[in-house]
Structures are given as structure tokens and as C-alpha cells.
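Here is how the chains run, residue by residue.
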Amino acid sequence: MNWQRLPLSVKLAAGSALVMILVVGGAFLGLSLEIRAVTKRFFADELRRNQGALLNLQRRSLEQLLWTSAILTENPTLRAAIETYREEIASGRGGGGRAELLETIGREVEGLVAGLNKDLLVVTDDRGRVLAARERGGAAPAPGTDLSGLTEVAHALDPSLPSDSSGFGVAHFGQTYFQAAYVPIVLRGFPIGVLILGDQIDQGYVDELRGALGGDVVVSSRDGILAATLPVTVQAIAAVDARPDQATTVRLEGADYVVARLPLGIDSAGTPVALHLLHPLSPALAPLNRALLLGFVIFAGVAVVLVAIGAGVVGRSLLQPLSRFIDHMGGMAAAGDAAPRFDATGAPVEVQTLSTTYDRLMESLDQKERALRDSEARLRQSQKLEAVGTLAGGIAHDFNNLLTVIISYTDLVLRETPATGSTREDLVQVKEAADRAAALTKQLLAFSRRQVLQPKVIDLSQIVGGIKSLLRRVIGEDIELQAVAQASLARVKADPGQIEQVIMNLAVNARDAMPNGGRLTIETADEELPPKDARLRDMMTPGMWVRLSVRDTGVGMDEATQARIFEPFFTTKEPGKGTGLGLATVYGIVKQSGGFVWVSSAVGSGTSFDIYLPPVEDVIAPPAAPPPVVREGRETVLLVEDEQPVRALVKRCLERYGYKVVVATGMPEALDLAARHEGTIDLLLTDVVMPQGSGRELAERLRPKRPEMLVLFMSGYTDDAVVLRAGLTPGSELLEKPFTPQGLATRVRQVLDRTSETDGAVLITP
Amino acid sequence: MRTSVVVCAAVAWWSAGGAGPRAEERPPTGRLEGRVILSRDLSTRKPRLRVYSEYGPGAIPAAGAAETSELGNVVVYIDSAVPGSGTPAAPGAALTIEQRNEAFIPHVLPVLVGSTVAFPNRDQVFHNVFSLSSTKTFDLGRFPQNASKSVRFGKAGVVQVFCHIHSDMSAVVLVLPNTHFAVPDSTGHYVIEGVPPGDYRVVAWHERTRRTLQRVNIAAGETTALDFNIPLPAQQTPP
Numbered sequence: 001m002n003w004q005r006l007p008l009s010v011k012l013a014a015g016s017a018l019v020m021i022l023v024v025g026g027a028f029l030g031l032s033l034e035i036r037a038v039t040k041r042f043f044a045d046e047l048r049r050n051q052g053a054l055l056n057l058q059r060r061s062l063e064q065l066l067w068t069s070a071i072l073t074e075n076p077t078l079r080a081a082i083e084t085y086r087e088e089i090a091s092g093r094g095g096g097g098r099a100e101l102l103e104t105i106g107r108e109v110e111g112l113v114a115g116l117n118k119d120l121l122v123v124t125d126d127r128g129r130v131l132a133a134r135e136r137g138g139a140a141p142a143p144g145t146d147l148s149g150l151t152e153v154a155h156a157l158d159p160s161l162p163s164d165s166s167g168f169g170v171a172h173f174g175q176t177y178f179q180a181a182y183v184p185i186v187l188r189g190f191p192i193g194v195l196i197l198g199d200q201i202d203q204g205y206v207d208e209l210r211g212a213l214g215g216d217v218v219v220s221s222r223d224g225i226l227a228a229t230l231p232v233t234v235q236a237i238a239a240v241d242a243r244p245d246q247a248t249t250v251r252l253e254g255a256d257y258v259v260a261r262l263p264l265g266i267d268s269a270g271t272p273v274a275l276h277l278l279h280p281l282s283p284a285l286a287p288l289n290r291a292l293l294l295g296f297v298i299f300a301g302v303a304v305v306l307v308a309i310g311a312g313v314v315g316r317s318l319l320q321p322l323s324r325f326i327d328h329m330g331g332m333a334a335a336g337d338a339a340p341r342f343d344a345t346g347a348p349v350e351v352q353t354l355s356t357t358y359d360r361l362m363e364s365l366d367q368k369e370r371a372l373r374d375s376e377a378r379l380r381q382s383q384k385l386e387a388v389g390t391l392a393g394g395i396a397h398d399f400n401n402l403l404t405v406i407i408s409y410t411d412l413v414l415r416e417t418p419a420t421g422s423t424r425e426d427l428v429q430v431k432e433a434a435d436r437a438a439a440l441t442k443q444l445l446a447f448s449r450r451q452v453l454q455p456k457v458i459d460l461s462q463i464v465g466g467i468k469s470l471l472r473r474v475i476g477e478d479i480e481l482q483a484v485a486q487a488s489l490a491r492v493k494a495d496p497g498q499i500e501q502v503i504m505n506l507a508v509n510a511r512d513a514m515p516n517g518g519r520l521t522i523e524t525a526d527e528e529l530p531p532k533d534a535r536l537r538d539m540m541t542p543g544m545w546v547r548l549s550v551r552d553t554g555v556g557m558d559e560a561t562q563a564r565i566f567e568p569f570f571t572t573k574e575p576g577k578g579t580g581l582g583l584a585t586v587y588g589i590v591k592q593s594g595g596f597v598w599v600s601s602a603v604g605s606g607t608s609f610d611i612y613l614p615p616v617e618d619v620i621a622p623p624a625a626p627p628p629v630v631r632e633g634r635e636t637v638l639l640v641e642d643e644q645p646v647r648a649l650v651k652r653c654l655e656r657y658g659y660k661v662v663v664a665t666g667m668p669e670a671l672d673l674a675a676r677h678e679g680t681i682d683l684l685l686t687d688v689v690m691p692q693g694s695g696r697e698l699a700e701r702l703r704p705k706r707p708e709m710l711v712l713f714m715s716g717y718t719d720d721a722v723v724l725r726a727g728l729t730p731g732s733e734l735l736e737k738p739f740t741p742q743g744l745a746t747r748v749r750q751v752l753d754r755t756s757e758t759d760g761a762v763l764i765t766p
Numbered sequence: 001m002r003t004s005v006v007v008c009a010a011v012a013w014w015s016a017g018g019a020g021p022r023a024e025e026r027p028p029t030g031r032l033e034g035r036v037i038l039s040r041d042l043s044t045r046k047p048r049l050r051v052y053s054e055y056g057p058g059a060i061p062a063a064g065a066a067e068t069s070e071l072g073n074v075v076v077y078i079d080s081a082v083p084g085s086g087t088p089a090a091p092g093a094a095l096t097i098e099q100r101n102e103a104f105i106p107h108v109l110p111v112l113v114g115s116t117v118a119f120p121n122r123d124q125v126f127h128n129v130f131s132l133s134s135t136k137t138f139d140l141g142r143f144p145q146n147a148s149k150s151v152r153f154g155k156a157g158v159v160q161v162f163c164h165i166h167s168d169m170s171a172v173v174l175v176l177p178n179t180h181f182a183v184p185d186s187t188g189h190y191v192i193e194g195v196p197p198g199d200y201r202v203v204a205w206h207e208r209t210r211r212t213l214q215r216v217n218i219a220a221g222e223t224t225a226l227d228f229n230i231p232l233p234a235q236q237t238p239p
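So the protein lines, in turn, are chains F and B.
If you count by my numbering, then the first sequence holds residues 1 to 766, one letter each, in order.
If you count by my numbering, then the second sequence holds residues 1 to 239, one letter each, in order.
Simulated from the structure, these hints should not be mistaken for lab results.
Do not take every clue at face value.
Calculated cross-link-like contacts (lysine to aspartate or glutamate; reagent style DMTMM-like; alpha-carbon spacing at most 20 angstroms) [claimed, not checked]:
#	chain 1	residue 1	chain 2	residue 2
1	F	K737	F	E655
2	F	K651	F	E416
3	F	K591	F	D459
4	B	K136	F	E100
5	F	K384	F	D374
6	B	K136	F	E103
On a predicted model such as this, the values are computed, not experimentally measured, just so you know.
Please take these sequences and the hints and turn them into a complete structure.
Shown next, in the form of C-alpha cells:
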């Protein structure tokens, strides 16, 4: 039987019962000890009082012995014989004491003894010599024995001492002890002899006393026990005598006794003889012990039964629901999440709390799991978009270089081609195709967030208001346009053109989703995201945002479609109708503007796009000045470009606008040229990414030698990171590829004239 | 028996009284005079244990005053043979020892050999006068108030008399061979007249001491002083 494997309820009951037994037992033990001690003291006091009375009785009986002796001395014949004998001895007549007189004395003594139940009778003359003695055991002193040495005899014969009741003593003849009275025989005030009357101290003596006094009796001298009614050693009695006052009780033979002591006198050897009266305490305490034990048994039994009942109740009310709950949890572990909730009705509040807490824990776990899954999905999505963006960006970069060349040369050729003729029409077709390719590339760059934005502080409501009429034309007659623009909306910082494109792309998609008409709602609002909401939209921080929503009542999308809509080239439209880049562009623009876009849709219930942009405190910039007329210049430009077609194109463009161009293929050559060139170099026009040192490095190495020189970077791969690495210093500008010859000339002129009011590039869309 | 004793006593009384006048015709004599001093020891009394808290009628103890004055119980007498004293002197008064208040009065009575002493009972209770002494053993039996019995003491010596009913009653009849004895007065002074000249042993007797004995020479017509200290130191006491 293994204790640890027992059910909790059994342990509880057994443990409680054990504790209760221990507690009751301890209390009983303490109580019992206390009661016993008190009762013992009480009984001991009572017994001692009784013993005092009993010993007084015994003292009375000793006095009785004395009175008896005194009466014996009144015997006239005895007195006459003693006195006559004495006188005749004293006067020397009668032959030294007549035998008849002694016979008379002896006869009288015999007669006295015969009438008494006494063991010893001795008569002495006035000098303490024995005249006659009678003793039952034959231990009497012989006539003529001098007893004057005995204290009591001397006391009795001393005429100056009174005859009082103190004439007790212990006579000791041979091995026999007597409890004796010593009484002077007084004639006319003169002691003429002593009468000694005694009881032998033997077993009969103490047995008789035991009967009379109701207690055990021990008579002892210092040398030994003279008689006793119970087996006892002289040492034990001596221990009692050693502390007659303190010792309330003494332990003899394993029992407690109350002891009282009565001195009987001093025997002939000079040692005191005392009578001890012993009353046992145990019989007095025995009924009490029985009562206490009975009480303990009853109380302990009742307590154990009560505790067992209590443990049973506790087990029923707590442990049963608990074990049911444990079974339920086990079932849940086996069945998974589908198990029903635990029914805690009727269970104790502890189990209910446990159950509720458990349910909350499971719910929270569920939520966390869902949130984690969502997060993972979004993370995968954005990683996929990131990868696609990187790919598209790389392609767009190469395309840009190619398109720059195609467009630029086509432009140049077109300038020199007559206004009429089939050749010119062909060239126009080439130009248009190249322009479309450039637009496509630009969208790719927008999606991959590598286009150069020209952010401004804007009011989204104003943007929406400005684009409304254009939207109406795009979406057609069947679709109702509803613009809910919040007045005094918080400002955001974004490229207004890009935002217009975002709205346009979303509106086009909405239109396509509503072939049978519907309603398109464009809404702007300030919105505060509470922390809980922000947790769900994991990348967003809680607080104020500016929301731009575009909602339609169209066909909606299923979840699989929603998961892929921001991918480039993903489209649900018929081939040729969509590029698959619309929503990807939206995604890229919003992301590049520091915002978030969320889609919520269901099949048949329409689609809603919510774009969140961070608000800014800045004021709206005044509208940009109209593009200036491109002017020519005479300044010297140092052109550094590793790609030969671009280099040649740029050189030719600049020279056509009157600039003097010094050309280098890379950084080493540029440094060399700059060192050898006489006269000023007004502008450094350099590619950013080159095999032999970046444009930025070149600019920095040239700046000390030619501090007046301005810098304009060219890049077809305008990544945020690249820009950051290049570190555009004040006075540096960036020109984005592909660019038109006119755009190039305008930008160069702007930099040289320091009239540039924007720090971005000029758009190259035709 | 009783009758004969009484008769004898009466004869003795008569003969003694009859011999008195002839003594004056004797040759001149000396006078012995002195003082008896008793030690305090003899005045000390040891009371008896009082068994009964109250005394019944007739059980009244002897008066304390008599106990303290033991001088009356001393007898000074000439122990030696005195010439011319062979005939008993006639006593001047009747020799009686009364029993009164459970005591013999007097306690000590010196008498000449051959004297008869009467023991009248003056108490309301019976008394039983007896003696165990070898000098004169007798038992008068019980007799009531105002009855009297007499005893003749024909032999010199100490006769101790007791009552068989009252154990503390005690008397001593000192039977002396001559008439030259005296009992000291309350101051201890004694006088013995008419002692023939010569050397004598003089004894001062008290029942609780040994005999105190002195030798003395009596001259005719003179007064000889002889004092007694009782008891004498032990070594001066002859065996």
C-alpha cells in the first residue's frame, strides 16, 4: 500500500483525523497533567491535614499510656513496699533490703501487668535501679540493672523537673523496642521511683496502628526499620526525614505517598525513633484518571468522527468537481479545441474560478495563435512583395538606361527630320512605344519603392476634391461617386501626384469590379487607433493616423485573391485589359510614404481599401512655380559616366545647349582631367554607381581642389539606400534616369543658377 | 487483737506518765542546743501527674505550706546509750497521728520505745493504716471517721506508715530508745534538756536523707551547741 498513491480525499480524511487525535491527545495530556498535579496537591494537603489529626490521636494514645502509668503508680502497696524498701536500705537495717519487700513489689507488678494489655512494666527505685520488671518476650532487664542513664528515667527522678506529659520514650532492651511511658512514682512530692510501661514495637503494633489510622505505618530508627506495614528501606525513610517540610509526597515502591512523621523519642543508643504515617495517593487519583481517560476517549472519538464527516463533505464539494475538471481537461487534450466548456455549475467557487481562468487562458491562447498566424501571413506577403520588388527594380534600372538612349536619340533624330514624311511617322511610333515602356518601368519602380518621390505637405481632402471630376469621367455613368472628405483634415507628407495616381488606380479597379453599376465611396478622416487595434495591425503604432478609404459595392474578392492583389503582374482582368501593376504601385507608393494599406473584402459584398498615412504638423507649401524656359549656358561641365551610350548622349545634349563638356569614363580619369584642366569647372555631372569609385567619392575628392564646383548626380537605380550611401551634400542634386535632353538641360541650368526649389528630379514623363 | 493493743497502749501511757516526776531527782545534766539547716533540695517537690482534672470530695491534696517546711519532719536525737534512761519517759501528751485531709498529721512522730500511738480518723472517708516496716509490721484495716486504732511500738527503729486507700498518705513513726530527742521549731532551733554528761552520738534524722551524725560531749550544767546541715556532704556521712 503506497501512501503517496492514495487519493487526495483519503489523505485529507486520514490526515485530519490524525491531526485531530494529536491535538485532542495533546490537550488531554496537558489537561490531565495539570488536573493530576492540582488534585495531587489537593489530596496531599487533605491527607496531610488528616494525618495531623491522626497523629494527634496517636499522641493522645501515647498520653493514655502515660495516664495508665500514672494510675499504676498510685498502687499503695507498691509505694509502701518501695518506700519501705528504700528506707530500710538507707538505714542499713533489715539486712540490706528484705526479700519479702522485693517479693511484694514483684507480686504487685505481676498483678498490674496481668490486668493490662501491655508488653513491658518496669519499676525502679529512686536511683534508677530496677526493682522489678515484667516483659512478655522475656527481654526485661534484670533486677538491680541501673537505668539511671536513660534520659527519661533521669528526667523522671529529678525532683526539680515537673511531671508532665512528655515522658515518652523508646525503651530498648536487647533487640526489642518498646514504645514506653516513663512516669515518676511520687510520694508527697518526692520521687521514690520510676514506672516504665511500654508496648512492644513489632508487627502487631504497626498492624494495629494501620487499622486505627487507615494508613501504612513505618517505625524507624536511624539504623533501621523497627516495624513496617509495607516494604520500605531505611534509606527511603531517611530521605523523607531529610526534608520533612518540603516533601509533600514521597515515592516509595513506585507509588506516591503522603508522609507524616511523629517522633517517638530517643532510644537507648541515642538515635531518634519516629513513626511515619503513609497514605498512598494513587487510590485517590485512580477514579480521576479513569474519568479523564473516559473523557479523552469520548472526545477523541467524537472529534475523529466529525473530522471524517468534514473531510467527506470537503471531498464531495471540492474534490469531486476538481476531478471532473481534471477529466474534462484530459478530454480536451485528447479531442483538441473542439471540446465543450467545462460545466462548473454547483462546484465550489475555487473550482469555478479555476475553470473560468482556464477558459480565459485558452481563449487568450487562441487569440495569440490567430494573431501569430496573421502576422506570419503578412510577413510572408511583404517578403514576397519585397523580393518581387527587388527583381522588378533591377529590370527597370536596365530598361531605364536603354530607354534613355532610345528616347533621347529618337528625339534628336526627330528634330532633324522633316515634319512630313513616312520616316517621321515611324520615328513617332518608336517614340510613343518607348514612352509607354518608360511609363511601365516607372510603375515597376513605384511598386519597388525605388522611384524618387517629391513629397510635400498636403491635405488629402483637397487632393480628393481636385481629382473628383477626373474620376467621374473614368468610372462612367453607371457608378455613383460619393466623396466624403473631412474638412480640416490633418496634413500628411506625400507626393501629391503619386497620391492622385493611387486614387486613380483604386478607382479604376473599383470600376472594373462594378460592371453593372454601384457606388464608389472615397473617404478621408482622422482616425485614432487604440492600442488594441494597433496590435492587430501589427506594424502600425497606436495613435493618430489619416485615413483614405476607397470602397466599392462590387463583386468583392475571396481570400486567396486578397492574399495576392499587391503582387505585380497579378491580375484577374482579361488579358490586355490590365497590367497587373495597379495595386502593386499603390502598395509601393503607400509604403514609400510611410503608410499602410489594408484591404477588406468578401465575395458579393464589395471591397474596401483603407490607406493610413502618418499625420504631420507642417504647413502646406505654396504651389510650385511653372517650369521655367530652358535656357542655354556657357559653363564648363565635367561629365563622368561609365556607360558609353549614355555618356555620348549626355555630352551631345549639353553641347547642344552651349555647355563646354569635359568627359571622363570613371573616377581616375575624372581626377586626372580635373587636375589638368585649366580654368573653372562649374559643374560635376556624374553617375552614382560606377565600377571604379562612386560618384559620391569622386565629388568629395574634388571638392577641396575646386570648392566652387557644383555637383549633379545621375542615377537610374534610385534606391533609398543608394541615396543614403551617396549622401547628397548641400549643393548636390540628383538627376533621375531616364531623362529627356530637355529635362537634363533644365536640371543642369537649375543647379547652376541655384534656382532649384525642389531637391528632387524633374519628371521625365513626356 | 485490737482490744489487747489498746490495752497495752493505755498501760504504757500510764506507766510513762507515772515515771515523769522521778526524773527530776537525777544528777545534774547538760543541755544540747542548736540549729538545723535544711538544704533547699528537701524543700523541692515534684508534683504528681494529675490524671484527673477535677478532684472529688476527700481528694483534696495536702496543703503546700506543710510541704515546704520540712523542719517539722526532722528529728534530732541522741543515738548512744544514755545512762539512766532505761525506763521510758512518760509522755506529756497523748501520742496520736491523725488522718486529716488525706494526710497523716504529724508526718513524723518520734516516740520512746514501748509507746502506743493512736491513729484517729478525722476524715469523712475510710482509711486503712498499715506498715510494711520490719520494725513494726501492722495493718489496722479500714476504719471510718472518728474511729481510732492504736499501735504499740515495742522496738526501736523506723516505722513507715501508709494508707492502703490513699497512696500519697505517708507517716513515719520514729521509735527511739531514749527520750533525748527534739523536733526543731519553725526556725530550725532545737533544745534537748537533761542530758547526762558524757560523749554521745547525735543524729539529725530526715526520712529522705541518710542519718546526719555528729559526736558531742555534754558537760553537766552546761549548754552544748550543735548545728546540723542536712544533708551533709556525702563523704562525711558514715555508712
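Hints, verified against the model:
Only pairs whose Cα atoms come within 20 angstroms are accepted, and K737 of chain F paired with E655 of chain F is accepted, the gap being roughly 19 angstroms. Taken as a hint, the K651 of chain F and E416 of chain F pair is honoured in the structure, with Cα atoms around 18 angstroms apart against an allowance of 20 angstroms. Distance restraint check for K591 of chain F and D459 of chain F: the Cα-Cα separation of roughly 18 angstroms lies within the 20 angstroms cut-off, and the hinted pair is therefore satisfied. Between the alpha carbons of K136 of chain B and E100 of chain F the distance comes to roughly 14 angstroms, so the proposed pair stays at or under 20 angstroms and holds.
Taken as a hint, the K384 of chain F and D374 of chain F pair is honoured in the structure, with Cα atoms around 15 angstroms apart against an allowance of 20 angstroms. Restraint check for K136 of chain B and E103 of chain F: the C-alpha separation of about 18 angstroms stays at or below 20 angstroms, so the hint holds.
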